[in-house]
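Peer 1: Taken in order, these protein sequences are the chains called A and B.
The opening position of the first sequence corresponds to residue 1 in this note's numbering, with each subsequent residue numbered one higher.
The opening position of the second sequence corresponds to residue 1 in this note's numbering, with each subsequent residue numbered one higher.
Just so you know, these hints were derived from the structure itself, not from any lab.
All values derive from a computational prediction rather than experimental measurement.
Treat the hints loosely; a few may be bogus.
What the hints assert, rightly or not - Calculated pairs, DSBU-like style, for lysine-lysine (alpha carbon to alpha carbon, straight line, at most 35 Å):
hint, chain 1, residue 1, chain 2, residue 2
1, A, Lys127, B, Lys72
2, B, Lys72, A, Lys27
3, B, Lys72, B, Lys90
4, A, Lys27, A, Lys127
5, A, Lys37, B, Lys90
6, A, Lys127, B, Lys90
7, B, Lys72, B, Lys2
8, A, Lys27, B, Lys90
9, B, Lys2, A, Lys127
10, B, Lys90, B, Lys2
11, A, Lys127, A, Lys37
12, A, Lys37, B, Lys72
13, A, Lys27, A, Lys37
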Amino acid sequence: MEFSYPDEREAANAARVRALEALLIEKGVITDTTVDKVLGYFESTMTPVNGRRIVARAWVDPEFARLLAADTPAAIAQLDLPDGMAGAEGEHLMAVLNEPGVHNLVICTLCSCFPWPVLGLPPYWYKDPVFRARAAREPRAVLAELGVAIAEDTELRVWDSSGHSRWFVVPSRPPGTEGWTEEQLAGLVTTESMIGVALADQPAAA
Amino acid sequence: MKLQHNLGGLENLGPIHFEPRVFVEDWEQRIFGIHVAMMGLSDHLGGAGPRYPIDEVPTEFSSIWTWADLRKGAEAMHPFAYFQYRYYEKWLGGISGFFTSEGYLSEDELEARTAVYRRDPGLPLPEGGDRRVDDQVIRYLREGDSPRQGPARSPAFAVGDRVTVKDVPPADHTRLPGNVRGRTGTVERVFEGDYGYFCSTGPDGIGDPMPVYIVRFEPTDIWGELAEPAAVFYAELYQAYLTPAGPTSASSAREESA
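Isolated chain B, as found in the complex (with noise of 0.2 Å):
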């Protein structure tokens, strides 16, 4: 497991830097704004519910982008080294990376620019574009991408059941927390519906669409001792993640899992 995904519970970090402010630089909204344009522009959103006319979209964007791959590139990121860059660096770098990797950019071509921008950052941005760009981003923001699909089909476990968290593989992305995983809980609501995933984390197991529940964890099954009394962890989990809990549930969930 890695340990981006395993922060729940971490001992000995200090007091909490309180910064109420989304952006602590400018340049932090643009590489913002950068981003949720490649995920309105993505080009899987021509299947999602909106049915999006992606391909008539004039933008040479043509590849797929969501949360799901901004998250691959910070879980890619070695562990020690995802605690220090602030939280836009690792976008911005993931981004950049993105576009060079996929062609649409060279890492020369962006260095070079870079430079002219150091040398005058009051140079002004070049114009042009189609609105119609524009359009579709915004008509994402406001019709979003669910990834809900039809009514549930005969989810594994109802509300009261004792699952199991199963220790999945490392994968390329993950939707379980660390803290869970081995650890046993009480379903407290099953979804209406079935839930797909942007994309297939491989062994991890999301993806395709499944039921998914809402557990209740005491957090001395968690954490033991050093829990806080009177309180409750909830997380939200794929069936793919769950199983039933046994008598001895911590080993049978990695022998399931393995």
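Next up, chain A with everything else stripped away, as it sits in the complex (with noise of 0.2 Å):
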């Protein structure tokens, strides 16, 4: 879908939204910090770094590995995380992991149901209804189209967030990794490998 417009169009939604704003304020609805301190909480705690430490732990620690497949909060509870991993929109995550024969990709085709705690906010690939819409039926094409080719005989599991759980991805571990501390298996741990429309990086492009 198209995500430039005119910008008359951007001006005209940049005014309003400042409108609104600024009457909520002096209204007592919300304060002059209230939206600050809300994007403040995603750019400085509820990152990916989050879910890139998840997934190292669970790719050094087989123990780990099976505790976030079973129970994933109670997995994500032992790690020195910052409080609120269980907060809003990871109230019920579920962390779904790829192994030899498997791939999985979430997806919201209702909305943009999405794991903030542990990648904080969505794409807006995710949210495109182009995307939502194709990767429910053509996920290896999708896949493909992103660059990701994923073998014939590995099943394919499409993951619709449309209930109370919100889902992410721990990615295979690449080869030729032996021996990195988790920090450095941490660097090629991308948001996309944990949606599932990615592989994590291989250690020559870290």
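The two chains are supplied separately, each in an independent frame; assemble them into the complex guided by the hints.
Peer 2: Set out below in structure tokens:
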């Protein structure tokens, strides 16, 4: 779908939202810092860094990986992550693990449900009706279009976030990373790989 | 059924526009922040999990506002119009419409102030407010609003059961994707608790606490020959949307929901 509009339309939207915020402050609905604090929370605390750390731990600790698959919130609670991992849009986190022969892809055909505490806020492509429509029926074609070839005999599991769970993918650990620290490994984990439209980066690209 | 609910599997859409940014214009951040603030100040949070002291928060906001309310706005749109607005434009329309229809401000007031900011986009926002409002919003972000209520009370279906999805009547809001309506799948997981929803969706059927299931569908059972091989489609579905699969499951599902 088209993302850029004429300057006139953007300027009208910008003025309208600023007018709305101004009136809500004057009328005592919110304060002059409420919106900035919300945005700051996502810029500083709830970012894909949390997801990268969860994935890196799962790569080095098979016991943790098993718990992550069976009881995602309990596994996440073991890590030293920011306060709020079970907060808004993280109340019911669910990890799905890639493995040989299985590739997972998370979508939301109804809207844009997303595991905020693990991945931050959803990128535009995830919210785009074209992605939401196509990934449901033709996930392989979509992945190929994004440069990811999934073997014919690999099962592609598509998870539609239609209920309370907020899903994320634990991608497979790239080869050639034996002996890497968790911090090094976390650097290979992209947001896209934790949604399932990419693989983790290869070491050479790190 | 509304087109907005039935995106999964649409044909002829062309390539994906892979825009990795969360916000493509600065103004989009502001409407996102306003929406989160409304969720964090929503009147229903007094009865939500952490028992927020919502009555003591010094805000003039006294409404219920949840994801369901934002979605009702999007689902009330003319379906063709829905696809003509960028994501956060729909939020701006729905949220500003809510504040004017609920009497927090008038459309004239909003238009007049919009004109002021059109003339002088750099004009600062007004100052003021009680920090306890911000504290509640951030507390909501940290502690959330779980719909889980107690252990599951005798779920009607077990892992491995074949279930057919009802074609429930259209309402002002649903959590049932169109592409699984009338389709038959297999229960993959029964969640341990019952799950309420932000509001009653009336004839659509959710709201009261009920079991929720992960249902596995074979894509060929949804899209026939158009399905890709070696794929599986999972949806998370409330019990109200499901009926036991019978020999003529698709037609019996329609009868039951009628």
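Peer 1: Determine for every hint whether it applies to the structure shown.
Peer 2: Hints, one by one, checked against the model:
With a C-alpha separation of about 17 Å, the suggested pair Lys127 (chain A) and Lys72 (chain B) falls inside the 35 Å cut-off, and the hint holds. Under the criterion of a C-alpha separation no larger than 35 Å, the hint pairing Lys72 (chain B) with Lys27 (chain A) is consistent with the structure, at around 25 Å. For the suggested pair Lys72 (chain B) and Lys90 (chain B), the alpha carbons sit about 11 Å apart, so the restraint of at most 35 Å is met. Simply put, Lys27 (chain A) and Lys127 (chain A) have alpha-carbon atoms about 32 Å apart, close enough for the 35 Å limit, and the pair holds.
Distance restraint check for Lys37 (chain A) and Lys90 (chain B): the Cα-Cα separation of roughly 23 Å lies within the 35 Å cut-off, and the hinted pair is therefore satisfied. Restraint check for Lys127 (chain A) and Lys90 (chain B): the C-alpha separation of about 12 Å stays at or below 35 Å, so the hint holds. Restraint check for Lys72 (chain B) and Lys2 (chain B): the C-alpha separation of about 12 Å stays at or below 35 Å, so the hint holds. Between Lys27 (chain A) and Lys90 (chain B), the direct Cα distance comes to roughly 24 Å. Compliance with the 35 Å bound is thereby established for this hinted pair.
Annotation: proposed proximity of Lys2 (chain B) to Lys127 (chain A) holds, straight-line Cα distance about 18 Å (limit 35 Å). Note on Lys90 (chain B) and Lys2 (chain B): the hinted pairing holds, with a Cα-Cα distance of about 16 Å set against a maximum of 35 Å. For the hint linking Lys127 (chain A) to Lys37 (chain A), the alpha-carbon distance of about 24 Å falls within 35 Å, and the restraint holds. Of the supplied pair hints, the one linking Lys37 (chain A) and Lys72 (chain B) holds, its CA atoms being roughly 27 Å apart against a limit of 35 Å.
Between Lys27 (chain A) and Lys37 (chain A) the alpha-carbon distance is near 19 Å, which keeps this suggested pair within the 35 Å criterion.
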